[in-house]
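Chain A is fixed; fit chain B onto it per the hints.
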Amino acid sequence: MLLDLSEEHKEHLAFLPQVDSSVVAEFGRIAVEFLRRGSNPKIYDGAARKLNVSSDTVQHGVEGLTYLLTESSKLMISELDFQDSVFVLGFSEELNKLLLQLYLDNRKEIRTILSELAPDLPSYHSLEWRLDVQLASRSLRQQIKPSVTIKLHLNQNGDHSTQVLQTDPATLVHLVQQLEQALEEMKTNHCRRVVRNIK
Amino acid sequence: MEGSSEPLLDAKAEVANQLLDFQWKLGMAVSSDSCRSLKYPYVAVMLKVGDRSGQVKNKSFEMTIPQFQNFYRQFKEIAAIIETV
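Chains as they are written, first to last, in our numbering: chain A, 1 to 199; chain B, 1001 to 1085.
Rather than coming from a laboratory, the hints here were simulated on the basis of the structure. Glycine included, each C-beta is placed from N, C-alpha and C at the ideal position. Take these hints with a grain of salt, some might be off.
[Claimed, not checked] Restricting the straight-line Cα-Cα distance to at most 30 Å, the calculated cross-link-like pairs of lysine-lysine (BS3-like) are: (1) Lys42/A to Lys74/A; (2) Lys1057/B to Lys1076/B; (3) Lys1039/B to Lys50/A; (4) Lys145/A to Lys1057/B; (5) Lys151/A to Lys1059/B; (6) Lys145/A to Lys1059/B; (7) Lys1039/B to Lys108/A; (8) Lys145/A to Lys1048/B; (9) Lys1076/B to Lys50/A; (10) Lys97/A to Lys108/A; (11) Lys1048/B to Lys97/A.
[Claimed, not checked] Only some residues are given here: those of chain B computed to face chain A with a beta carbon under 8 Å: (12) Gln1023; (13) Trp1024; (14) Leu1026; (15) Gly1027; (16) Lys1048.
With the rest of the complex left out, here is chain A:
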């Protein structure tokens, strides 16, 4: 599968052959570091001054390189496909080899970082429960009404949230039955077949 590079992207990458291959290697290192920790615009200014170009040019060059690496890693394109995709840019043999090496060296780590970007639903962290008996309310006195209060602790993208829920014991039993039924589904032939195929 070949990468489809937009005209704008090709323009940004056109800066790369204008500098030393050691600079391109440095840009590659910066690109991966930005993927790990987030971008730091101050780096662009320093590099721009050293290379005697505008800060924007450096930024576009690094961002273009980052995008090239992330798209390639995302699609997990083969060495050959990467080489063919980069070939259209008309770079030197040496630069093409450097870019391929950057891709191969960082592909695994970039894919790990990209996998963390998947939309994350709140996931279960822990659960606290309490069995209560309601003795009175504004509308009715002298009651004995049991209920279960649950504090559900959830995690989402590193954020912690809690949800407080309350139900009567009958509904709770029903809830537990439904969940047990869902677990039972894992034992059916259909699910077993799917899981075996994924493995």
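Chain B alone, transformed into the frame defined by chain A:
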């Protein structure tokens, strides 16, 4: 006091949110995941608050009996002061 001569309606208009409903219940926690045998009475309050745009928000909270007694004392004080105004 400046505002005392103004009609009650104006004072209400200054308040951003209005209390629409105040429900309470008295319960006793008998067991929890951290303690199997409890005898913990509490007061749970459910407030319905509406803002100026008409949106209604539910806010609920619990109080231990000592906390509730403190809560009750505040309202007793407010009621006492209103008598003197």
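Verification of the hints:
no.: 1; hint: Lys42/A to Lys74/A; result: holds (28 Å)
no.: 2; hint: Lys1057/B to Lys1076/B; result: holds (26 Å)
no.: 3; hint: Lys1039/B to Lys50/A; result: violated (73 Å)
no.: 4; hint: Lys145/A to Lys1057/B; result: holds (26 Å)
no.: 5; hint: Lys151/A to Lys1059/B; result: holds (16 Å)
no.: 6; hint: Lys145/A to Lys1059/B; result: holds (22 Å)
no.: 7; hint: Lys1039/B to Lys108/A; result: violated (56 Å)
no.: 8; hint: Lys145/A to Lys1048/B; result: holds (23 Å)
no.: 9; hint: Lys1076/B to Lys50/A; result: violated (74 Å)
no.: 10; hint: Lys97/A to Lys108/A; result: holds (18 Å)
no.: 11; hint: Lys1048/B to Lys97/A; result: violated (67 Å)
no.: 12; hint: Gln1023; result: holds (6 Å)
no.: 13; hint: Trp1024; result: holds (5 Å)
no.: 14; hint: Leu1026; result: holds (4 Å)
no.: 15; hint: Gly1027; result: holds (5 Å)
no.: 16; hint: Lys1048; result: violated (13 Å)
Comparing the model with each numbered hint stated earlier shows that hints 3, 7, 9, 11 and 16 do not hold.
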